[in-house]
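**Student:** Same order as they appear, the protein sequences are chains F and V.
Okay, so the first sequence: first residue is 1 according to the numbering used here, each after it adds one.
Okay, so the second sequence: first residue is 1 according to the numbering used here, each after it adds one.
The hints are simulated quantities; they were obtained by calculation from the structure and are not laboratory data.
Please read all numbers here as calculations on a predicted model, not as lab measurements.
Yeah, the Cβ is synthetic: ideal placement off N, Cα and C, and Gly gets one too.
Don't take each hint at face value.
As the list claims (entries may be wrong) - Chain F side only, calculated, beta carbon under 10 Å to chain V, not exhaustive:
hint	residue
1	161
2	171
3	179
4	180
5	181
6	226
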Amino acid sequence: MIDLLVDLFSDYTLRTVALGSALLGITAGSLGGFALLRQQSLLGDAISHAALPGIAIAFLITGSKAPLVLILGAGIAGWIGAALISVVTTRTRIKYDSALGIMLSVFFGFGLVLLTYIQRQPNANQAGLDSFLFGQAAALVEQDVLLIFVIGSAVMVLITLFWKEFKLLSFDPDFLGTLAYPVRLLDYLLTTLFVVAIVIGLQTVGVVLMSAMIIAPAAAARQWTDRLGRMIALAGLFGAVSGVGGAVTSSLIPSLPTGPTIVLIVSGIVLVSLLFAPNRGLVFRRIRDWQAGKRLRVDAVLVDLYTLASQHSSAEYPHSERVLDVMSTISGPAHRTLKVLKDLDLAKPIDSTKWSLTPEGVRRAERVLKRQFGGTP
Amino acid sequence: MDYAIDIRDLTVAYREKPVLWDVDLQVPSGVLVAIVGPNGAGKTTMIKASLGLIKPAAGSVLIHGRPYSEQRTTVAYVPQRGSVDWDFPTNVLDVVSMGLYGRLGWFKRPGKAERIEAMKSLAQVGMEEYATRQISQLSGGQQQRVFLARALVQDARVYFMDEPFQGVDATTERAIVELLQNLRKQGKTVAVVHHDLQTVPEYFDHVMLLNVRRIASGPVEDVFTEDNLRMTYGGRVAFVSALSAAPKP
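This is chain V alone, in the form it adopts within the complex:
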């Protein structure tokens, strides 16, 4: 079967200590998958290693059947909001245009056509009236939406998003969910690092439970079980029982 994301035996070690151990993940095309696990489980590391930003000790990453290095233009990345300095002297439209740098290639600068495209994807996240706003003046949720718009403008087939729901208000959360559903409708595949276990069944089709090793991955209804969660989170009973009280899908 041709998977959109096909990660095999991915292993990453920092100074001999494995942070990601022999991880496999297969995601079919057009699926929203949540990557779930406790802090330090290697979620961000897995995404960064998949995107070649961290050199893995072992493993391979195929995107739609071909090595990631040949498929870069079809993969978009939404890093954690806190990974950049938001006091950088630039505005919203400029940041979104950065998503087009890959297509532009060396030396060419974004022009009118690129600005129009950037405006379109700003509109998709409901931020078009902020186009000329200085990025230091954005709220956390607005920063997140700018990053999403930057990924949308890449018009990729596969999206990796690192904690897009982190610290955003209810309005932005709804906007992001809507956006994910639109991407699914267009047949895109989206892998999202997610922290709120309660919303996993509602927002996602598949889930991957990760804690250095892959505990489980697959359709939410098969994999998102109390046993698996206990294995992932190390049997924090109070926490897990609070979860089992939540409505099941």
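Just chain F, same shape as in the assembly:
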């Protein structure tokens, strides 16, 4: 563990990869929060696939593999892809999800064709472009990290600056329009930030898996909080944690690829969040339902006992368990509930089969009835 910490700060490759992945995770995660809330989760997938031909064309034109050049190409192609999706959705009868699918496959296919063409060229320089498909985090150098840092910081500053506008754009764009804000322009700005956050991750995570870095941290963060600020911060944190986690894990286990490992870790965070987050988590909800069910069963048997006794002179008149079983056909046999009632001191067994309410049980039954019917039956 100590060795690992030392490595994290002293080992050049590990430090670079971890830092780059963390910055990437923060940027992609925070923007992903807005994408999730605007129901545009899949847009990230389309943009990252659409970026591939941009990388190839940038290389073909310049002959350079400098990260800035390739990222610029990827960004322009990704942006054109996003704009075409918007045009196709508004101008034709094709629905949003179909437009996404079309752009994704058309651009990605075109990108693969170009990559294959480039690889056939008798030029030694072309090697390594295909690493954009699945990412190659281990190849990150200080310059790449610096680039990710500069672009990522710019994105974060803009999110902070336009916080209120982006929030309302995501919640109720029409209303934002009536307040004289240029909705179209803000939409373009947010989409552009989105494209930027995606293309800076392509080198590390790759075209195919990049959308996970957008959606997964946001989906996990949404489970834990009901406030936008916290959700976006948490999504950034989850992104950063998976970035560092992926870098460290893949450095410990030889031949484990960094990008997919990052994605696996963030998927793990999503799984834990879906299951265990308070309020929204499945486990939490199951427990709450179970507790509510138990309370209802207790009340039901209590009221049954009370109703039976009300036919007699005393509210504590005992009745047999069999009768209660018949009355509570919906909630199942009364035996276990009667035991709970006994533990709560609301009912007591008279002999092996008969039960009666305690004075406290009578009071509670009357309260339940008042709440349910506003009086006695």
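Given chain F, work out where chain V should sit, using these hints.
**Tutor:** Leaving out everything else, chain V in the frame of chain F:
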């Protein structure tokens, strides 16, 4: 005459099919007007086109004598409740504060003064104790009142409301009616898309009957006639005769 709302020749077409055809509407200041018509008549489209949310093929919209684009800050909008995702991570007070974004301008965030104003308009709709409530935990009627509070905080002169009575309980309906009457008392003008024909004479001063074209518009007692309704709703006799059985104003 200077109208609060003055819509002329408004035409909107989706892919050549007109959904709103050459519509005029003049509403004097301080009047509550109901916009009535069957489904697909273009009621929401008319409001959205008036507010510049849909680009009309033709027509002009004047608010208190000047183009809407110059009068945005004096116009408030209450969209249909179902038009947003109520699972959005935010609370009631925050949503109401959104009504102040226009006045705040770029980059400035709502502060203490804005929260106080938002609380005041929440109180007007009887929702002040829900200020910190998560919006996903509201009932339909409460959601509607939050939207109304968001419009109230804008302190506009003209209000456009899209089906504020849709699916609300009796308590909320009474609260909204009271609110409309208060707005009228303050001299505001309110245009409301409304579905319940029975309550039109009771709640509103003017009515506009719309079915792609404007069938009629004006004071309820002049315009809200059986003939006009039959023209609007395409002679659904059973329906119209049920209406004529209702008490007339």
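**Student:** Starting from the hint list further up, note which numbers the structure goes against and sort them upward.
**Tutor:** Every hint satisfied by this model.
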